[in-house]
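**Student:** Go by the hints and put chain F onto chain E.
There are 2 protein chains.
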Amino acid sequence: MTDTAPQTGELNVLCVGNAIVDVLSQTDDATIDELGMVKGTMALIDAEQAEALYARMSPGVETSGGSAGNTAAGLASLDAKCAFIGRVRDDQLGDIFTHDIRSIGVEYATPAVTSGPPTARCLIFITPDAQRTMNTFLGASVNLGPEDIDEDMVARAQVTYLEGYLWDRDEAKEAFLRAAALAAANSRMVSLSLSDPFCVDRHRDSFREFVSNHVDILFANEDEITSLYQVSEFDEALQHVRQDCRIAALTRSEKGSVVVAGDEVHVVDAAPVDKVVDTTGAGDQFAAGFLSGLTRGKDLATCAHIGGLAAAEVIAHVGPRPQVKLADLVAANLGG
Amino acid sequence: MTDTAPQTGELNVLCVGNAIVDVLSQTDDATIDELGMVKGTMALIDAEQAEALYARMSPGVETSGGSAGNTAAGLASLDAKCAFIGRVRDDQLGDIFTHDIRSIGVEYATPAVTSGPPTARCLIFITPDAQRTMNTFLGASVNLGPEDIDEDMVARAQVTYLEGYLWDRDEAKEAFLRAAALAAANSRMVSLSLSDPFCVDRHRDSFREFVSNHVDILFANEDEITSLYQVSEFDEALQHVRQDCRIAALTRSEKGSVVVAGDEVHVVDAAPVDKVVDTTGAGDQFAAGFLSGLTRGKDLATCAHIGGLAAAEVIAHVGPRPQVKLADLVAANLGG
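Sequences listed follow chains E and F, in order.
If you're matching positions, the first sequence starts at 0 in numbering that gives the first Met the number 0 and goes up one per residue.
If you're matching positions, the second sequence starts at 0 in numbering that gives the first Met the number 0 and goes up one per residue.
The following block holds chain E by itself, in its conformation from the complex:
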């Protein structure tokens, strides 16, 4: 096992989220309907549902995932210094998650729990249109609480990045709020990803309050941002969010992204992709690219370009984390 001695030094980003191993499998639209899933979204399932659903699933490929974990992996691939906080169990999937995130140089020291539910897994059904439909059994992730948020780590990070999915559990939400409070107390930035339109539905009021009062950099896709403000048009949501937080980076799939920061607005085209294979991790990698640029002093349009390049890489293959060195990809496309 990799050394877990306390580390020091400035971090670009600290990512906090659910520590999840993904089980990826190809399926068809009929199966999505038959199993009662809503394509393109994430549903929380319990252990029994996970077993029943897995029994209906084709052979899978297992790979480390989790929204904020994927973002940490993207940041590492961009040579940004980053750390991850999230909880696994001391089981085989936990070993896989821990190995994968440490082996790319992400600082990860949350101890594995030694009892209770197993490491979280997400059963991901990929349809021929490259959409992913996710079913998450949170397992050991539910053990993440405020005591896991290390103040020193938050203080060392320019940005503390939080996935919206944490809001689904009271303990994790407390961890989330503690991380945000510590970041503010240390004059550091707080970033939030809205994660999923259903997640926004479940927590709209508290998300609105949190975005207004605590978020410096918000990430959301079109469905999420229109759900947050309960509007039907993207542009309406845009006008709302401009009032609400310092920087909002809004992704629109093949239409690219829009970044608003007060009076500053950038509309940036998507990076070209030969063939979209699996959209799992697209938003996570956009956030990685964007934050990698932002924490190294790039202008907002460049941050969005880097985010777009990182997202384009991950949707061209199966799996939620980069398969090439993103720093090289960015250097080849945008220069050093």
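Think of the hints as simulated: they come from the structure by calculation, not from any bench.
The list cannot tell twin chains apart, which means a pair is met if one copy fits it or any two copies do.
Heads up, simulated SDA-like pairs for lysine to any residue below, C-alpha to C-alpha not over 20 Å straight-line:
id, residue 1, residue 2
1, K324, T126
2, K38, T278
3, K274, Q322
4, K324, A29
5, K324, T26
6, K324, P127
7, K38, S252
8, K274, A315
9, K254, A270
10, K254, D222
11, K324, D128
12, K172, V141
13, K324, V276
14, K324, T30
Treat the numbers as computed from the prediction; the structure is a model and nothing was measured.
**Tutor:** Just chain F now, kept in the frame of chain E:
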């Protein structure tokens, strides 16, 4: 968990081998050298070595593997009826192996052991030339013994297919010999894959004896067959093997395959591949294609063609099992 009630009915093939989950990761030639591995071969490692090596490995993708298990998956993808015998533990990797093989319709009833070492894993390093270098921790596989060979299952199968790797352990070798004896007693065919040139080196004399006396269909690549007969030229090995067993299907990577059966000889070109990505499972899928044809009355040249198509599919992507329906691929290329 899938139903494990006894099944009945004719099987095309019963595959017997080590039940292994693969951990696949990209690497470079320098790392292969630095870690003291011999490119393109398989080494057996113990639990401690597995941990040390895993710590040096890049992030991995986990997927069900094992030579005979991969062949069973290929046969299922070709709509052949097949079964698998091999041992996992009752752990997460064991669940993954069991789920994956059953979900494609392979009959698999070997009970998971409830104590002892964990499910076997194979750490596979893929170099840019698409070669795979394998390090196998046999784990729970070592619990496979002669008592696991179900006579009824052998009697139902036209061919019992055995991976040479089983020869590495006395208990598994006994299982292997029992399966071969039961097949002969039931007037069924026995097939052997030589698996690896080092495996052949370790067991040359007993392999020679077994091939001469018990094998109806032998699979080997060029390195393995020249090692078996301790000759330097492929053609020399060919002359030897013609005397030794009823059918020998010899694979030569991009040079295609040669099938000999007494006076009958076929030299069959390899199926074209756009880009070779990962050769893991190439031999296993060739065997699947060949046996699928043979057990459905196809002539030997057609069997070799089907084998070549199955091998070409698996080397075009990462992972040792087919990602498309091989039966469709064969129908498109060779007709129904």
